[in-house]
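A.B. asks: Residue strings, one per chain:
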Amino acid sequence: MRTMLLFKVAGVLLALTAVATAQEYPTKPVRIIVPFPPGAINDTVGRMVATHLSNRLGKQFLVENRAGAGGVVGAELVANAPKDGHTLLIVSLAITVNPWLYALPYDHAKAWAPVAPVATAPNVIAIHPDLPFKSVKDLIEAAKKQPGKLQYGSSGVGTFLHLGPELFKLMAGVDILHIPYKGAAPAMIDVIGGRTQMAFGSIPSSITHLRSGKLRALGVGAATRSTTLPDVPTVSESGLPGYEAANWIGVVAPAGTPPAIIEKLQKEIALMQDTPEAQKQFANEGAEALRMSSADFGKFIASETVKWGRVVKEAGIKAQ
Amino acid sequence: MDLFNNLIFGFGVALSLQNLFYCFVGVLVGTLIGVLPGIGPLGTIAILLPITYSVSPVAAMIMLAGIYYGAQYGGSTTAILVNLPGETSSVVTCIDGYQMAQQGRAGPALAIAAIGSFFAGTVGTLLIALFGPPLADVALKFGAPEYFSLMLMGLVAAAVLAQGDMVKSIAMVVLGLLLGIIGTDVNSGVQRFSFGIFELTDGIGFIVVAVGVFAVGEIVNNLGERQERRVLSAKVSNLFPTWQDLKASAGPIVRGTGLGCFFGVLPGTGPAIASFSSYMLEKKLAKDPDRFGKGAIEGVAGPEAANNADAQCKFIPMLTLGLPASGVMALMLGALTIQGIQPGPQVMTQRPELFWGLIASMWIGNAMLVVLNLPLIGLWVRLLQVPYRLLFPAIMAFSAIGIFSVNNSAFEIHLTALFGVLGFMWMRLGFPLAPMLLGFVLGPMMEEYLRRAMLMSGGDPSVFVTRPISLAFIIATVLILVVMVAPSVRKRREAFTD
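If you read the sequences in order, they're chains S and X. Each residue of the first sequence is one higher than the one before, starting from 1 at the first, in this note's numbering. Each residue of the second sequence is one higher than the one before, starting from 1 at the first, in this note's numbering.
What you were told as hints is all true, and nothing was included just to trick you.
Estimated spans, in silico, between C-beta atoms of each pair:
hint : chain 1 : residue 1 : chain 2 : residue 2 : range
1    : S       : Lys299    : X       : His414    : 37 to 47 Å
2    : S       : Thr51     : X       : Met425    : 42 to 52 Å
3    : S       : Asp231    : X       : Leu479    : 48 to 58 Å
4    : S       : Ala283    : X       : Val386    : 45 to 55 Å
5    : S       : Leu271    : X       : Phe21     : 31 to 41 Å
6    : X       : Leu130    : S       : Gly194    : 24 to 34 Å
7    : X       : Leu383    : S       : Leu271    : 46 to 56 Å
8    : X       : Met425    : S       : Thr27     : 45 to 55 Å
9    : S       : Ala109    : X       : Val156    : 50 to 60 Å
10   : X       : Ala410    : S       : Ala109    : 27 to 37 Å
11   : S       : Leu177    : X       : Asp165    : 37 to 47 Å
For the record, the hints were derived by calculation from the structure and aren't laboratory data. All values reported here derive from a predicted model rather than from experimental measurement. Ideal placement from N, C-alpha and C gives every residue a C-beta, glycine not left out.
Work out the full structure: start from the sequences and follow the hints.
C.D. replies: The following block contains the structure:
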């Protein structure tokens, strides 16, 4: 009897603390883990989220960069963190690719309580301006005529700049040689210098060179044209229907975090997306706000994981 | 005369009260973070970036640039005083700078570092003003084969110049190469020597190795010596360099500046190459190379000038082409775009106040750093009179904080400790540390460029001799070998005829 009573009391207390956590959350400073070094898009978005949440929720949200292994090091830390909403992770496309590249130290399907996506940024096919191609169709034709002759630069094996073109190659049935670099900047330098022919970079890493005419855009990897590059057609329009490749950034918490806390965070992020500061920053990054409920974000992560897993397998990309 | 007018205009912008203030804040913050290892301009600028949105683009850039080259300055202070490289680029300064401090010549070492940096900064600034855009096009001419041949030349020169025990030097270079390939292979994505440890998949950080073998190793070594700690208080000779010091340093500073400017323009070279090359060159040119590693002032003057010129000239590809040479430059590029400015040659004409204001502020910032640093030398040197039992825990603590701040990773502190033990062993066994670090820096880059060159040429090695710039470096490499090997061959022949 006594034990039963004890259990009941404990149960009630537990329930109370759960309610209390949701209402009073956050009770202490919150760590936002960015699994990439400072300066990457994950980092700038992470800092934007941190500033907004600090201002709105009355406790400090601190960005911590924990780079390593394409984001696995930081993800592992959050996966094993207390499930009280005081440790959050900034995720991106990489989180859906890593399960196929690494033997992960956490269960990728069960580790997360998705909170909300923040922004999405498509890739843009940028070529050296001296090349004769005027459209994606021209590019595909040229690549078919001389398989393996054209080359593209990427920011490394398994990165967004590698997967985007691999998806392109699979869909178009062409062979373009992959030249990996350490980061997007050196890859872009070689396209501008004419040593490789193209890169499927993010809009921010290409836009300066597109505007100065050192690179020419053939298409944007999204369903609709980018507001940052309104004159550039989508890849679908330009010759490869259905091609979409966008990096996205979002926030997740460790699985088991109380739903009330998730909801609170999700609402705040939705509010942030409408602020003029956020709009300005999105425009600078060539990104657009991505709005979803927490549940839909979970489904989105799952479908992206399937999509890029297929590319990793069919293109034969390996890390370990 | 255009240049003159432009510079006057630039100074007009940079000397406004607001911009002077931001310049001062920048170099001050930069000096402070430069003193700490690990925490560098990258992290600091990332944190401060949002603050700059609210100020004018000119002020923002002036402050960020100040942090950047202020850090290069500050990094040498701890390198000289306590063998702790505050920044990657100041590793080379440890070698002779710390020895000078040991001999009670910390003052001249610090002063010559400041003077050398200031001269290099001035030349770098002028170079950007005069030849910015044409020089930037040089950067575009360097592809994988060119970089590979350049680095091959560097490595051969280093090997030929190695002094003392040849076998030990080569062993250390090879060890450095091996340590350098730990991590993910760029081409295949395969893990090498990471043993399933995720923290190792991106390789070992240069600063971890450098702080470990230099700072921590030195502390272990000092504590191992039973006798009275060699605190330097006893024989601080003079605070400022003598006329002889200045004369000895003039050549190295000029040559170091030249090397620094050359490497600075090329975005594909890392931060340590300029200072390493300058060190090797000075050692080669010296009449008595044996002094190097034992407190030669040339070994401080040259590399310090080189690393500051390098830092300054990294702005050329960034401002005129929008090509970032490092993470820090990428962040500054980001700051510019957020302000709605597209970097490129048009910056000079469309936003002259930004371009010339920034350039003028660089010179002012460099001058501020000298003014800031020279009077502080007395204070720094007095710091060395702190008893070692208090000083060494402080150095350890600052090292640990600095290393931790890079990645918020405790693992890297453990690694630093491990390298401390190794560094102590190497010191005791008489293995030179510099060749190991050179192998560690050059090895992975050479591999990356070699394999990329081969991948792009479809496996045809002739790219290295059919491309003119690459060919020139290959010829230079052969010449270095011939010049260096010939005397010893002749000697041997003479020995035979005798």
